[in-house]
Amino acid sequence: MKRNRIITAAVAVSMAVTLGLTACGSDDPTTSSAPQNPDNTPTEEAPEGATITMWVAGGDTPDELRDYLKTTFEAENPGSTLVIEQQEWDGLVAKLTTALQDPENTPDVVEVGNTQSPTFTTIGAFRDLTPLYEELGGDKLLPSFVEAGKADGKNFALPYYFGSRYMFYRKDLWTAAGQEVPTTLDEFAKSVKELKNDKMSGFGIGGQDWRNGISWIFANGGDLAREEGGQWVSTLSDPATIKGLEQWQDVYQGASIVPSTERDIAYWDLLNDGEGGADPAAATIMAPGWARWSIGDLTTNDDGDEVRDGMADESKFDIFALPGVDGGVAPVFAGGSNIGISANSKNPELAENLMRIIFSDEYQQMLGENGLGPANADFADSLGTDKFAQTTIETAAASKLTPAAPGWAAIEGQFIYEDLFQKIADGGDVTELAKEFDDKITPLLNM
Amino acid sequence: MTAIEVTRDAPEPVTRTTKAAVSATAVPRAKNRRKIRPGKVVISLLGIAAALVWVFPVYWMIISAFTPNARLQSTNPSFFPTSATWSGFTNVISGSGFVGALRMSLAITVLTVLVVIIWATLAALAISRFKFKGRKSFLLAVLFIQMLPAEGLFLAQYQMLSKAQLVNTIWGVSIIYIAAIIPFTVWMLRGFVAGVPAELEEAAMVDGLTRSKAFFKITFPLLAPGLIASGVYAFLQAWNEFTVALIALPARDAQTLPIWLRSFLADSANKGIDWSQVMAASTLIAIPVIIFFLIVQGRMTSGLVSGAVKG
Amino acid sequence: MTDTIAPSAAHVPPDTTAQQPQRRQEPSGKKRRGKLVPYLLLTPAILGLLAGLGYPLYWQFTTAFKEYGLRQAFGAPAEWVWFDNFTKILTDDAVWAVVVRSLAFCLVNALLTVAIGLALALLMRAVSAPIRITIQIAMLLAWAMPMVASVTVFKWLFNYRTGLVNWVLVKLGMDQFENYSWFSSPWTFFLVATMIVVWMSVPFVALSLYAGLTSVPDEIVEAARIDGASSTQILWRILVPMIKSVLSIVLLLQIIWDLRVFGQINLLQQQGAPVGSTNLFGNFIYEVGVGRGDFGTAAAVSLFVLALTMLISWPYVRSLMKEEENS
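Residue numbers (numbering that gives the first Met the number 0), protein chains in the order written: chain L, 0 to 446; chain B, 0 to 310; chain Z, 0 to 326.
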């Protein structure tokens, strides 16, 4: 039975080798730097020497702000450290679904998109922040965002920052074509349709881009869904909504040569000059305020890199707020994020301390200075006083959020509105589509 | 469905297939004795065209990586590098996370490939050299496991890793990869093992070699192509995977290369995609695989040759 | 037997040696079996499978019969609903659309891949050595391209604004391709997806089939030629039958793999695509589970797909098992 012994040895050795590798694996720096605090048992007194993790979504929070949070937090909580990790929007829901339920690996403080917020608040993924609500700003905090983070009358997630969208346009081209800044939604449609040619969109917008497209619904007084007796109902078939969708279809088809499948693309690219001073790909775009820094003529910065000059040439680039049906400002979709503490956080006190820093006067001021709308209305001025700041404030005041229905993240996760808007952009019958999608969406809204 | 049935007269096609597939370039075919005919020119041209089609995306990726982004945005693409620059590469490498992700990917892939190869070879030995109770059930299980869609398992996989405290660890993802890759490699290797006659080994023992020596001198070299083929399979699987990695390695500094490339793309898309950098990043991810292919090519040939000579 | 094989291994290219038909399951093999040895050899693999897949499989099978959404994932008790999830999916047109789409995609891709692979293998056999090596290097390079990188390159090639494909087509005089969006309609979306999948899978198939072809002795082909057989006859009467086994195994693998295509579609959809009408099995399951948070239904769909794949591959599995019994 010598063979048996050899085989036993082979099996044993191979398993030992793998186990050995495991051991090496756990010595790996990557592993040990992972946010696990096995030694940290949560206690009632302020914990010491703990590491808390904050997830920010996408690259919207600039490095300067991240550094400030880290330094301030670590100064105010000696012995503790703050790790800020950026998570991409793409795949965020999957990561939140898994990580938030896991006490060992949950991030302590999390940024979620305001539209994803209702889903996670209603299932109890966040810690109740009601006791802190007043201290962090109370009524001064953006009401629509506060609402999106509420469940059963308790505050689970609070506003982090807001953005709003307005129109960036090529003043030179508009002027050359004899078009003026529109004062009503109809005028806007008329102008951008005239500006369109084979190579250039009058208004460059992707067909699936419902986050911009719903402005037309809101402008007509329509809505995506509403709550009736505790149940959410999709309201695409309401006459006002239909009207908005039809207007949007008309604008897309008449003014945009961006494919109907595009969504969330770098629209600002479209506005810049083409190769060798050729016409841009679009004469008008709709984008968040910070898009400004990706628009303009090429210039060289202090580091010698080629960058856009931030629309320095005012005769060439300018902005306006999307006008309403009868003038004024159309309600646009309020982009932005909410922020909350994971219900499974092992260091909720430290996490709350971090929230205090985020809602502090200094940080709110810094948000505004970096072009992010501060959660606390008292600091709206921090955005500045130039036309960009003014338009941001003006459009934000008129902005609206998507329905705070529990199933909202699921709907976004399935790209349902993308589907609907693409079909409309491709020339589908709005009334029929609205009916079809109402039937599809209503059950999903209530999970 | 007749296409799926495997004819009984050729029981172990995998053996030849994959082995030969990998060695195809290494071992030049015996001299071509046919005369040159006029159709030959057409065929040669066709061959060159095919090579171009397959290599073009790779070529395009590489030259784009060396072209400044401003040039790439130009309306007239150039098919040959005009102004080469390393800046795409240097930006990517010095940028956040590449080196860490490379380390992570290498560690996970190497661990996975090693474990899979050893364990699968042992299992393949059991299946093709022994008759025992449960053999058929094991074979069936191994076949059917491959057919289960992996996309529905994430939540369970995460919960499992989390209970075992293996989230964000190399071993955590690897164990999932190993379990996912083993079935196919066992299936593949059992053909190779069956293809090596036990008599060879026994004859060597008659000649005075010990069993382990006989195994390493006779059987192992003949198994080498099979091991390489399954190694290539395991390597590509582990290297390319990005959905399990996304949830099992949520920490930013624990991400693997595919996840890193995706977030790089997302970051880049925000600023207007810098295709030069994206292509440089893609090239960098491909390089380790190409190196791996080169290594196994060499090893396999020398292994074969030495095995043959000594045997 | 041993005496003839061992020396031959020393002189003939080993590639050919190994392809001599070997007799498996020699009596001597049986002689040497110990009772415990095979189980011992299987232990690591089985433990590995149990560790990596045991719990997820158990979870999959139980969750398919439960109402299991995000709420349950966060700790709410999950109720047994038994076959509710299954009746729900089997009566859902969207599920059947995915079934048809996945099967069609799988068949088209598998057949295309094998056909092109075979054509290339024959081509490699026919050309001179330098050209053959060029083809093989091109194949190896394409094969080595990581999936995320390949899809990224193709996405860019087919980008509506800056993509090379549209530029070339417009230069060729087809102006309708100015700003043409390849990902807008499911048809062109799957056309590009097919190109990617076929491009990525052909190298393996072509190299395998070529290896199979090298085992066909030149003498046979030569003899047939002398007997007056045309090239077509040689192809269909001699070459293809002689590599039939390799062909069928490669086709089977391709079918299994193309049924499991997930990453390529998932990455392409991020470009902006009609997501609802481009989902294949994997993408649909991912969307229902992770996207919609309905893990119970996702698990049910997974089991359904498993059953379907088992059904499709049953003829093959049966012949495999019979072969095992006979040996």
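Just so you know, these hints were derived from the structure itself, not from any lab.
We treat Cβ as the ideally placed atom computed from N, Cα and C, and that holds for glycine.
Any given hint could turn out to be false.
Computed far set for chain L versus chain B, every beta-carbon distance over 10 Å [what the hints assert, rightly or not]:
(1) P130
(2) E146
(3) K149
(4) G220
(5) I256
(6) L432
(7) D438
(8) T441
Cross-link-like lysine to any residue pairs, in silico, SDA-like; alpha carbons within 20 Å at most [what the hints assert, rightly or not]:
(9) K149(L) x D138(L)
(10) K439(L) x P76(Z)
(11) K135(B) x Y179(Z)
(12) K434(L) x Y179(Z)
(13) K198(L) x D174(Z)
(14) K189(L) x D171(L)
(15) K162(B) x F73(Z)
(16) K139(L) x P442(L)
(17) K170(Z) x A265(B)
(18) K132(B) x E322(Z)
(19) K135(B) x P314(Z)
(20) K65(Z) x K195(L)
(21) K139(L) x Q364(L)
(22) K189(L) x D138(L)
(23) K198(L) x E274(L)
(24) K162(B) x P76(Z)
(25) K195(L) x F73(Z)
(26) K345(L) x P77(L)
(27) K162(B) x E322(Z)
(28) K94(L) x A265(B)
(29) K321(Z) x L142(B)
(30) K315(L) x G276(L)
These are the hints, each one checked on the structure:
1. P130: The claim holds: P130(L) sits with its nearest Cβ about 29 Å from chain B, beyond 10 Å.
2. E146: holds, 28 Å
3. K149: Non-interface label stands for K149(L): nearest chain B Cβ at 27 Å, farther than 10 Å.
4. G220: holds, 33 Å
5. I256: Answer for I256(L): holds, closest chain B Cβ roughly 16 Å.
6. L432: holds, 28 Å
7. D438: The claim stands: D438(L) keeps its Cβ more than 10 Å from every Cβ of chain B (closest is about 26 Å).
8. T441: holds, 26 Å
9. K149(L) x D138(L): Distance of about 14 Å is within 20 Å: holds.
10. K439(L) x P76(Z): violated, 27 Å
11. K135(B) x Y179(Z): violated, 54 Å
12. K434(L) x Y179(Z): violated, 30 Å
13. K198(L) x D174(Z): holds, 12 Å
14. K189(L) x D171(L): Holds. K189(L) to D171(L) sits at ~18 Å (cutoff 20 Å).
15. K162(B) x F73(Z): holds, 15 Å
16. K139(L) x P442(L): violated, 34 Å
17. K170(Z) x A265(B): Violated: K170(Z) and A265(B) sit about 31 Å apart, past 20 Å.
18. K132(B) x E322(Z): The given pair, whose Cα atoms are some 17 Å apart, holds under the 20 Å limit.
19. K135(B) x P314(Z): Between K135(B) and P314(Z) the Cα gap is close to 16 Å, so the pair holds against 20 Å.
20. K65(Z) x K195(L): violated, 54 Å
21. K139(L) x Q364(L): holds, 14 Å
22. K189(L) x D138(L): violated, 41 Å
23. K198(L) x E274(L): The hint holds at about 13 Å.
24. K162(B) x P76(Z): holds, 18 Å
25. K195(L) x F73(Z): Since the Cα atoms of K195(L) and F73(Z) sit roughly 50 Å apart, the hinted pair is violated (cutoff 20 Å).
26. K345(L) x P77(L): holds, 18 Å
27. K162(B) x E322(Z): violated, 42 Å
28. K94(L) x A265(B): holds, 16 Å
29. K321(Z) x L142(B): holds, 15 Å
30. K315(L) x G276(L): holds, 12 Å
In the structure shown, a violation is registered for the earlier hints numbered 10, 11, 12, 16, 17, 20, 22, 25 and 27, in ascending order.
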